[in-house]
Each structure stands twice: as C-alpha cells, then as structure tokens.
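Undergrad: The lines below spell out each chain.
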Amino acid sequence: MVNPFFKNHGPFSIFEIIKLLKINLQTTHKEQVKNINDLVGANVNDITFFHSKKYKDLANKTKASYCITTSILKNDLPKNCVPLVVDNVLVSTSIVTGKFYPDAVYDNFDNSIQDINKTEFKEKVKYGKNVVIGKNVSIGSNCLIGHNTIIEQNVVIGNNCSIGSNSIIRNTLVGDNVKILDNCIIGKHGFGFFPNNTKNLRYPHIGIVQIGDNCEIGCGATIDRGSMSNTVIGKNTFLDNQIHIAHNVKIGDNTIIAGQVGIAGSSIIGKNVKIGGQAGISGHLKIGDNVEIAGGSGVIKDISDNSKVMGYPAKNIRHFLRENK
Amino acid sequence: MVNPFFKNHGPFSIFEIIKLLKINLQTTHKEQVKNINDLVGANVNDITFFHSKKYKDLANKTKASYCITTSILKNDLPKNCVPLVVDNVLVSTSIVTGKFYPDAVYDNFDNSIQDINKTEFKEKVKYGKNVVIGKNVSIGSNCLIGHNTIIEQNVVIGNNCSIGSNSIIRNTLVGDNVKILDNCIIGKHGFGFFPNNTKNLRYPHIGIVQIGDNCEIGCGATIDRGSMSNTVIGKNTFLDNQIHIAHNVKIGDNTIIAGQVGIAGSSIIGKNVKIGGQAGISGHLKIGDNVEIAGGSGVIKDISDNSKVMGYPAKNIRHFLRENK
Amino acid sequence: MVNPFFKNHGPFSIFEIIKLLKINLQTTHKEQVKNINDLVGANVNDITFFHSKKYKDLANKTKASYCITTSILKNDLPKNCVPLVVDNVLVSTSIVTGKFYPDAVYDNFDNSIQDINKTEFKEKVKYGKNVVIGKNVSIGSNCLIGHNTIIEQNVVIGNNCSIGSNSIIRNTLVGDNVKILDNCIIGKHGFGFFPNNTKNLRYPHIGIVQIGDNCEIGCGATIDRGSMSNTVIGKNTFLDNQIHIAHNVKIGDNTIIAGQVGIAGSSIIGKNVKIGGQAGISGHLKIGDNVEIAGGSGVIKDISDNSKVMGYPAKNIRHFLRENK
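Chains A, B and C, in that order, are what the protein sequence lines are.
Heads up: the first sequence at position 305 corresponds to 305 in our numbering, and the numbers run straight through without jumps.
Heads up: the second sequence at position 194 corresponds to 194 in our numbering, and the numbers run straight through without jumps.
Heads up: the third sequence at position 276 corresponds to 276 in our numbering, and the numbers run straight through without jumps.
Okay, chain A solo, but in the shape it has when bound (with noise of 0.2 Å):
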C-alpha cells in the first residue's frame, strides 16, 4: 500500500533506526529502510513489527528485512528477516512510525489552507461563507459545501456530495452522492496513545476514512481515521446525529445508526446491519451481516450473521426480553 495521503519521510539508514530505538545491533550502517508496515504488507527493504504470537504465521511468511520483535518472538522470523529486540514493540513501533510519518502523529489545525473563493472550486461547487480548503483535495462536479466549513488537506470528494455547514474533514476520501451534515469531524486522528505517568505517548495515525457512495453521516458525528488501516463506511450505509466512529473501524454496506451510537476502536460491523440509539460496541469485536442491535445495548463479544440482540451485555433479544419482562 502506498499511503495516500501521508508522506513517507524514509527512506533512513538502518543505523538511524536502531540509534532511535536505542539498541546495540551489528549491521551494515549503510541498508537503507524504505518504509514501515505490517507483516503482510511489508515488503524487502521494509521494516515491520511482530509482537504477539497471535501472528506468528503471518511473521513466518513476512517479507520485511527488518522486524521490531522480542527475545522470544525473534524466533519465528525468516531468515532474511533481521529482528530488532526491543522491550516494548508496539511503542517502538511508534517511535518508528513517527519517524516515516511524522505528519501523522498530532492533528493541529491546517494552516495550509485557503478561502475557496482564492481555489479552482471557486467555479466547480456551490458553497457556503467562509469555506477554506487545504492542499491535495479534489472534488467531483455537482457538490455543495456549507457555511463555515473547513475542507482540510488530503481529502478527495466524488460527485453530487452535499457538505453541510461547521464541518471539518481531513484525510478523507468520500464516495459519489454522499451527504455529511454539519458539525461532523471526519478524519482525525483516532485516541491511540500509550499511557505514560509523565506524558502519554501518541502514536501516529497513517490511516484515512473512507466513505462510501450514497452514504448519509448525521449531525455532530465524529469519524476518526485508523492508526495502521482505514476507518471505513461502506456504501448507502446512513448515520444518525452525534454518532461515533472510532480508527479502524470497518462497517458494511446497507448499515443504518441511529443516534448517538458509539464504536470503539477496530470493530467490524457487517452489511445491512441495524444499530439502535445509544448502542455501544466495544473494539476488537466482530458484528455480522444483518445483525440487528436494539437501542441502548452494549455489545462486548462477537455477534454472528443474522442474529438480533439487546441488553448491556448484548445478549439474544428474546432470552433479554423473557428475563426482563
């Protein structure tokens, strides 16, 4: 995958790499590291991270020349895979990230920005007062963007999309016919850190959001971009007001939310899925096609195909509604 919107900053010396992790390791100085990524995504002259055994087979098959790992896990790396041994992989990991990406790590206000009026789209689009729009946007014929919103960089828009007003989008790509209403934050940066008593350490977020064709996202949502993929709204998939997505999130196509829904960060929500108000999804999980969750639950463990459930834990809408009559 070649990031869409973040620049990789690389390529940097294996040397540079291993003096920021603060490690003792014999190499030539000289190997240059192009970029970062997953086991899977990595290629030669890539660096990735292998933290937990969990992934031990994807680790075994990596085509990554260099691996932030454990004493442990190192073992189960190919040959043409150099680990690097650190204590704590994924915060090294994001000391590395940083270093690829370091546009990535804090979301402080676009100032690469420009009145609309000053842009091309001054012909193309209908819009509102005070619209600005930063750099690497495009948007398709026939959109309109509302009053005081802010267009920040790395966002492309397709045709027909209605932008309501007081919005703000970055790092975005959003279908063909979709409507965002106003007050929405889409695309910024997920609440990835590690916690440290002194400061907390952010680690970046290199992921956008995608959204799908004849998408509705409601009023007051907030939609944060993934850390390491994409935070995703599949198509005609239409969400109520004060909605929130968390990074990394992915929901299929034919889904509808209703208000105030919350979805931390990772789940996977299927196709054609009905959430109901105040519904909330742990992260991590996995929600099938054509769930149905009623309003107000609170889901803590997968849900498979077709099943509708209710209850804080979410359970079987009929065992919830014969024990709570």
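None of these hints come from the bench; they were simulated from the model.
Do not take every clue at face value.
[Claimed, not checked] Where chain B lies over chain A, by a calculated footprint (3+ residues, C-beta under 8 Å):
{"#": "1", "region": "30-41"}
{"#": "2", "region": "50-62"}
{"#": "3", "region": "122-129"}
{"#": "4", "region": "135-146"}
[As the list claims (entries may be wrong)] With a straight-line Cα cutoff of 25 Å, these simulated SDA-like cross-link-like pairs (lysine to any residue) come out:
{"#": "5", "chain 1": "A", "residue 1": "Lys325", "chain 2": "B", "residue 2": "Phe6"}
{"#": "6", "chain 1": "A", "residue 1": "Lys99", "chain 2": "C", "residue 2": "Lys179"}
{"#": "7", "chain 1": "A", "residue 1": "Lys274", "chain 2": "B", "residue 2": "Asn196"}
{"#": "8", "chain 1": "C", "residue 1": "Lys301", "chain 2": "B", "residue 2": "Arg322"}
{"#": "9", "chain 1": "B", "residue 1": "Lys325", "chain 2": "C", "residue 2": "His284"}
{"#": "10", "chain 1": "C", "residue 1": "Lys315", "chain 2": "B", "residue 2": "Leu321"}
{"#": "11", "chain 1": "A", "residue 1": "Lys179", "chain 2": "B", "residue 2": "Leu90"}
{"#": "12", "chain 1": "B", "residue 1": "Lys274", "chain 2": "B", "residue 2": "Gly288"}
{"#": "13", "chain 1": "A", "residue 1": "Lys179", "chain 2": "B", "residue 2": "Leu321"}
{"#": "14", "chain 1": "A", "residue 1": "Lys135", "chain 2": "C", "residue 2": "Ser13"}
{"#": "15", "chain 1": "B", "residue 1": "Lys301", "chain 2": "A", "residue 2": "Asn324"}
{"#": "16", "chain 1": "C", "residue 1": "Lys325", "chain 2": "A", "residue 2": "Pro313"}
{"#": "17", "chain 1": "A", "residue 1": "Lys315", "chain 2": "B", "residue 2": "Leu321"}
Computed from a predicted structure; not experimentally measured.
A virtual CB, placed ideally from N, CA and C, is assigned to each residue, including glycine.
With the hints as your guide, set chains B and C onto chain A.
TA: Same frame as chain A, now just chains B and C:
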C-alpha cells in the same frame, strides 16, 4: 394546517400523480389535487394515505378526494374518496409528498443567507462576528446571536432570546426568553427514510420545530424537525448539553433533561418530567406527566403519570434498586 | 479565594441584602458585606450559607459575619455570625450570589471579542481564519489556534498548546502542552438552576475550568465551569471525543476517558482512572485512584481505589461477568 415554512408546489393534476406512482386508474385527468395530508387533516381535493388497520375509523371519515392505500384497506374508505392502490403505501406517500414539498426532502446548506449586517436585523439585534441570516426569518426585540451562528431560512425568534455561537437553526419557531447555547443544530430533517439496498429513499420532513417560551437548549443539541407533524419543546423546559431529540418528539412544559439524553422519533414526553443523564427513550412511546427517569435508563415501554423508573429496560425504581443491591 | 475571572460587584450594605431577600432583621444598616463564599472560604464581613446538617461542624467554625440559613440550623452558627433566616437557603444564596457576581448568571455570547489580527497575539500565536479573542485573555508561547475558534473572555492558555477549530473557550485556565481538539465548548455555565413552574431560576456559576499540563481534550467535548468551586481536569489526562464533563467535576492526573462518557455534576474522579466508552457517572460521587470502569457502565455509588467495575448499576467486574454469562 397551512404549512408555515414549506412551500406547497401543488396543485397537481391527478394524472400527474398516478403517473408518478406508476399505477393504472380510470379518472378524469384534469382534476386538481391541492395538497397531501393525513387522514384527519386532508380536505376535499386533497390526497391522503392509509396504511394500517389501526386507522380504519379515521379512514372512514376522511374528507380527502384521493387516498394512497392497499387493495385490502381501500374498502374502508368513504365513497367520496378514490383509492390509489399501491404496493407500499409509505413509499408512495413519500414520493407524492416530495412532489408537493420538494424543499423538504434534502437539507443542503442554505444558499439564501446574507451577512446580518446587510439585513434589517442590523439595528435590531446584537450579534457577533460572521452571523448570517436566511430568507423568511423574523427576530423579536432584545435578542442576541453569537459568532458564526447561521439562522437559515424559515425561522421565527421571539423577544429576549439569546442564541449562542456556532449554532445552526432552520424551520423553527422559537418563543420568548429562550436560550439556545453553542453548537446546536435545530430544525434539520430527521433520520427518516425507506431502506433500500441500492440507495435509501429519504422521505420529506414537512414538520417544524417549536420551542416554547423560557426554554433553555444546552450546547451541542440536535433537535430534528418533524416529518408529518412537528417536533415540540414545551415552555420552560431545560435541556442540558449534547442532547438528541429526534423528529416528531413532543416534550411538555417544565421538563428537565440532563446531558447526553436521546429521545427517538415520535415519542411524547409529559410535563414536569425529569430525565437523568444518558437516558434513552425509544420511539413512539408515551411518557406521562411528573415522571422521573433515572440517568442511564433505557425506556422501551410507555410510562404512566407520576412514575419513577430506572434500569434497562426501565422499570419501577424501587424494584430496580432492590434487585440490584 | 479571590475569583480570578468574575468581578465582585460588592460590597453591598446588609440593608440591601435583607431587602433583596425580603426578610425582617434588626441590624445596623450601614454594615458592608464584602463577598459571598462557602462556610470555609468566607471571612469576616462576608456572607455565607448553611442549608444542611451535614455541614454543622463547618458552620460552627465559619468566620462569616452573615449566614443565609433556616430557623433550625441557625443555632449551630457561632455568635459572631448573624443568621439570615429564609425559606429556601439555596434559592436565597443564588439570589445573593447573583447580586455579587451578575456576570456569572447567564452566558450570552461574548461581545468583547476582537479579530485576533487586531490583538497583541497577532505576532505571537499561529492561528487560522476567523479567530477571535475576548478580554482578559493570556496566551503562552508556541501556541496554535484553529479556524473559527472563539477564545472568549477570561482565558489563560499556557505554552505549547494546540487549540483546534470551531471551539469555544471562556473562564478557563489551560496548562502547558495541552491539546484541545475541534468543536469543544469549555467554560460555559453548568446545568444549574432551581426548577420553577413559571420560569426556572438559574444560579450563578462563579467557578472556572482548570485543565492541567499535557492534557488532551477530544472533539466535541463540553466541559462546564463550576458553580461555587472549579471544574478540574488533572495533568496528562486524556479525553476522547464527545465527552461531557458537568460543573464542579474534578478529575485526577493520568486518567483516560473514552468516547461519549458523561460525568454528572460535582463528582470527583481519582488519578490513573480508566473509563470505557459511553460510561456514565452520577453526580456527587467519589471514584478512587486506579479505578477501571468498563464501557457502558452506569456508576451510581462511590467506587474505592483500585476497583474494576462494570454494569448498570456498576459493580465488581468479576461478579458482573459471572452473572451475565
């Protein structure tokens, strides 16, 4: 009811309407249909809709000249009313409503607005930076409007009102002495559409939002306007921050609603009700007067007057607390 | 405590105050009352209030010269303190507080603001489009302020801070290295008033918001200032998106709060606490240090140090999970 804000683009000939619905009907093509309304509100020369046996008694007395209905229900219509038999009554009703009220289907940003200092309100209102005002707006005496606030079209504001900054209001009647704080979005269409795997079909929202005298609306509220009826906030009702009120909800006088509460579509809340933080109320419910709903509760059934409830699903608060010691 | 932001409009003669409260009292009319404060903070020539037996010991030692109280409680006051006996202590206190601090009752938009490029901050701060700054604002070195952000009056921002776009801040002390993301509203009055069927009576909020060094405040936060005390966010505490922190809440250092959490008024949260998404915490509670509260929980009781809780009402997490297999 003459719609105060949405322009009726009719009359249309019945010929146009049956063509739009793709149905066969022997009729005098030149008859004009003036408006669309529900079974009770419709008059001679109007069209109405009848989709459930529940409304049989109302259907029997309707004055409408035409009625969108099914082949079974049509037998309950009076003789003066010509049935238009369709497969899906609500979808067909939505299509016809959109024909009469095309401005009520989508809520793109209001392109009619002007800087307030170019309007009649320049002298009358105290306002912040970057305030804009749409068409068909009226503002009483002694009002304040904060920075970046967008009063879109179709808004009536009473006397002595204070609107905060970064708020967006449209299609709304605001009483006297009302405070609307920052970042609110009031009068936007609700989350109303017919799911369809190719592309969901939005239905028009021809209702408005009414906010009674002496109300306070907290920061970050989203209050959607009604679809066929109005969304109503009673007098002296106070809403805390981050509250979502869906379309067609009606809230009585002197009610107090704490932060992050969500009320789903078409529910009716009584007078002197107290709702604790983060509580959720499902759609189409009736909550009586003087009811107290504990914070975090999930209400999925009607609640009678003077009850105190707690839990998910919400039940008598004493029972809940006894069971959850 | 000298209030850092709200101007004390006193002193007022005791004659004016007893007239305001509509009570009869034999007194030297010319005595001046300097300030209003709680039982502990009040000094000689100040007025205080005493409304519950709980505070008997504090009442007994107050230095205040006057005390708003009831006919029963007055007997616990020291001899140097003249009781002002009223029907409703809190309402009377609110009225007198509003006399001393009239600017703390209502939060209308700040009319004192100027475009930042007309202020001393023009050279010192990096800022976006349409940024405005109120009176009595101080900003440290190396700070960023995003587009459309409104720094209203009474704000002190430390060094190396990044404020996002579309945010509104007032009556707030911000430490060093703080990040406040987009669409936040910080320092507004809380949801504090006395219900009254004709017109609710708002009480003044003379507290402020304090945000410690190294904090991050996510998008769409609402953090209300305190009424009598302050709302405090400890150092290196991170808040995710769409969080609501009510008035007088105090949060310790190094705490992590996930998306859509709500904390009701006057609750105290310890250090190193972790709160999962959508959890809610009732008012006036004490949550100890190192506590973990699972996402979606509803906390209605104090939680002791080092506990892990889950559920609604929240209980020991192991018990909850065992009971809900």
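Undergrad: Checking each numbered hint in turn, tell me which of them this model violates, lowest number first.
TA: The structure breaks hints 1, 2, 5, 13 and 14; every other hint is satisfied.
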